[in-house]
Structure formats: structure tokens, C-alpha cells
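Work the whole structure out from these sequences, hints included.
Which chain is which? The protein sequence lines are A and B, in order.
Positions 643 to 895 (this note's numbering) are the ones given, in order, by the first sequence.
Positions 3 to 147 (this note's numbering) are the ones given, in order, by the second sequence.
Be aware that a few hints might be false.
Claimed, not checked - In the SDA-like style, the derived pairs of lysine to any residue whose C-alpha atoms are separated by at most 20 Å in a straight line are:
hint	chain 1	residue 1	chain 2	residue 2
1	B	Lys-78	A	Gln-663
2	A	Lys-693	B	Ser-4
3	B	Lys-78	A	Asp-681
4	B	Lys-78	A	Gly-671
5	B	Lys-78	A	Val-669
6	A	Lys-694	B	Asp-8
7	B	Lys-78	A	Ala-678
8	A	Lys-693	B	Glu-5
9	A	Lys-693	B	Arg-9
10	B	Lys-78	A	Thr-682
11	B	Lys-78	A	His-665
12	A	Lys-879	A	Asp-849
13	B	Lys-78	A	Asp-670
Read the hints as simulated data drawn from the structure, not as lab findings.
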Amino acid sequence: MAPRSRRQGQRRRAARAFDGQIHRRLVDGEPTAPSALADTYLPLLIDHLRKKFRRVAEHEVMEAAADAILNYAEHPERFDPARLDLEGYLTMSAQGDLLNALARHRRHREGPVECPACGEGQLAKLPGVCPACGIAIPRGSDATKRRDIAFEDVAEGELARNTWREPNPAEAVEQSEKAGRAADLRDKVLETFTDPRDRQIVRLILDGERRTAAYSAILGVQSLEIREQRQIVKQHKDRLTQRLRRLGAKLRE
Amino acid sequence: MSEASDRSRYLRIAAERAAQRPFFIARDLAEFRTLHGFSDNDLAAWLGCAPDRLPDLALCRRPVPHGPRFRQDVQKVSQYIGIRPERLAQLLREIDAVDAFRRSDVASYAAHSHGMLLAARDRVEDEASGAAESRSREDEGSPES
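This is the structure we're talking about:
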């Protein structure tokens, strides 16, 4: 028996010879070439793709492999044997369809997400806009945790424990001056809002208040359904945030 | 499942997909089967081969009935599959004729439905070409020519 590496070499040479031959026959328009190609390559390709895409349904793997073979048989000129071997080319060709199938499968498995704001709308994925209440819902905290790397995970021991230090006296003075300037600016900004209700809302926005109830109380809509409250609050916050942005731009000028 | 049955299953799926593409004989086989109400066994018997050879036949490139290589290609395919060449030629010609009939039917329907519009367009074009002709006659009669 020939040694393993020698046998592999022989097989590779035989495969290369077959590739070259079948490619020439397809280019020449030989009518039996597509059938011979499918006969040789379809089982190989399906086996290879089934191992690679275990989560994709078998019929999808078979269809993608069949389409790759049929596409190549119809358009052999698209394959450049100098760049890739035939098996690699066919695998690549089928892979696009299978990746799409995989994405479909993943979406199907995850299913729609219930809107955390109104609890009525269903979002296909996060982040997204709820079709019922129109609120933009950010990526869920679990997904964010999966995506982001926690500081503690990457920080070195000492650094992770030592993230806050007392300011020295000079820094303390500077910080207090900064805070004073910010307070002045805030007063000036608030003065530009003549409507007392708007001014109260802006104060909450600047304080970083996020609870709907706080805004609902100012707007006098707390007796409405939570969904309606959220909509009304959002409208007012959007309008005032827009005004604040414009004001900020003017102040920078 | 055995390797042979896997292989025939894969080829059958590929043949089904190929039936959507006029490039392959698969489409002609499917049309012929529907036209004559044949089962796979009927079709295989009519062609003179075993039913498990049908996917291999379906995956061959379709010889073009009016093409210069038709006879030669039919011979090659028939020899490769082991069927009667005259039957394959008959099948391909019949489906080609049905296709041509369908095309002409669609074309005549389209022509009929646009008849009024085409007539109106002819008249406008006639008038326009008549005016152009008289202009060119005037040009020919001009002293420069």
C-alpha cells in the first residue's frame, strides 16, 4: 500500500485532472458534462456542507449545493481555475445561500421581542422601533452584556480597584469653578424657556431624569394609560431636546 | 442510508431544481410528463431506460432542436444514459413546438389587445413619414441638389 501522503497526493492530482477536464467540457458545451459534474461533485459537496453547516436543515444544504452545481454548469466561464480549485469554488458558491439560511434560522429561533415600553408591540429584533408605540427600543441589556467587554474583565487587579482618588486642593478649586460655570449656564438656558411647564421639563432633562411619571406629573397626564403617557412625554421631550440642541449650537458660536 | 440511495436522492433534488432552468433537459422532461400524464416509470419506459437514470438525463444540457449540433448532441446524451435517440429527439422537438406555440399565442394576444393603439400609431407614423417624404422631395428639387 502506498504511504498516506503519497496516496493523498495521487488523489489530489486525480481530482485536479478531473476538474480541468470537466471544466473544458462545460466550456465546450458538451451536453453530458453537467450530469457528470453533478454525479461526481454533488455528494462530495453536500457531505462537506453538512459538516460545516450543522444547524441548517438538510434540505436547505442539498438545495444550496444543487444550485451551486447548476449555476456553474450554466456559467462555467465565471470560474477561474487559476484562482481556486473547483471544490473550493462550489463551496463558496453554496455558502452564500447557506449563510442566509442560517440567519433566517437564527431570527426564527430568537423570535419577535415584546416591546418593553408598551408591552403590546412586537419587535422583530433589537434595537428597533416598536410598531405599536413608536418608541425606539435599544438593544437588550443581556445582548449588550454579551457584546461589550466588562471593564473588570480586562482591567488589571490594582487598576480595577483603584479607579477613584481624592482630588488635590488645586484640582478641587478648579472643579468647583467648573461647577459654578455650569450652574450659571444652566440658569441662562432655563431663562430662555418662558413657558413655566417647559422650564420644569427642561430642568428634569438636564438633571437626567428618565422616569415617565416625573414628566407626566408636570404635564398633568398621569391619569392616562401608560402607553399614552409615554407617547405624550416623548413628544414634549423630543421638542425640547431639539430646542436645547439649537441653543447649544448658538452658545458655542 | 446507503451511499447509492443518498446519491440518487441528491441527484433527484438537483434534477427538480434544474427543471426551473431551460438550460437543462429537466424542464423538457417535466413538461413532457405533464403533457402526456406520464409517471416517472411511464416516461422511463417510453425512453427505454430504468427510472433511476432519469435524474442523470435531466441534468444534461438541452440540445437545441434547431441548432447545428442537435443530432450529434442527442446521440451523445442517448449513449451516455442508454436511451433511444429517436425518442429523445421526438421529446425535445415536441416541447420546442409547444413552447413556440405558447410564445406565438402570447404574442398574438398582445397584438390583438394593442390592435387599436398599433393602428393609431401606424396612421400617425404614416402621416409623419408622408410629411418627411414630401419634405425630402422638396429638398431634392431645390437648386443646391
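Against the structure, the hints come out as follows:
no., hint, result
1, B/Lys-78 <-> A/Gln-663, "holds, 17 Å"
2, A/Lys-693 <-> B/Ser-4, "holds, 18 Å"
3, B/Lys-78 <-> A/Asp-681, "holds, 17 Å"
4, B/Lys-78 <-> A/Gly-671, "holds, 12 Å"
5, B/Lys-78 <-> A/Val-669, "holds, 16 Å"
6, A/Lys-694 <-> B/Asp-8, "holds, 18 Å"
7, B/Lys-78 <-> A/Ala-678, "holds, 13 Å"
8, A/Lys-693 <-> B/Glu-5, "holds, 16 Å"
9, A/Lys-693 <-> B/Arg-9, "holds, 17 Å"
10, B/Lys-78 <-> A/Thr-682, "holds, 19 Å"
11, B/Lys-78 <-> A/His-665, "holds, 18 Å"
12, A/Lys-879 <-> A/Asp-849, "holds, 13 Å"
13, B/Lys-78 <-> A/Asp-670, "holds, 14 Å"
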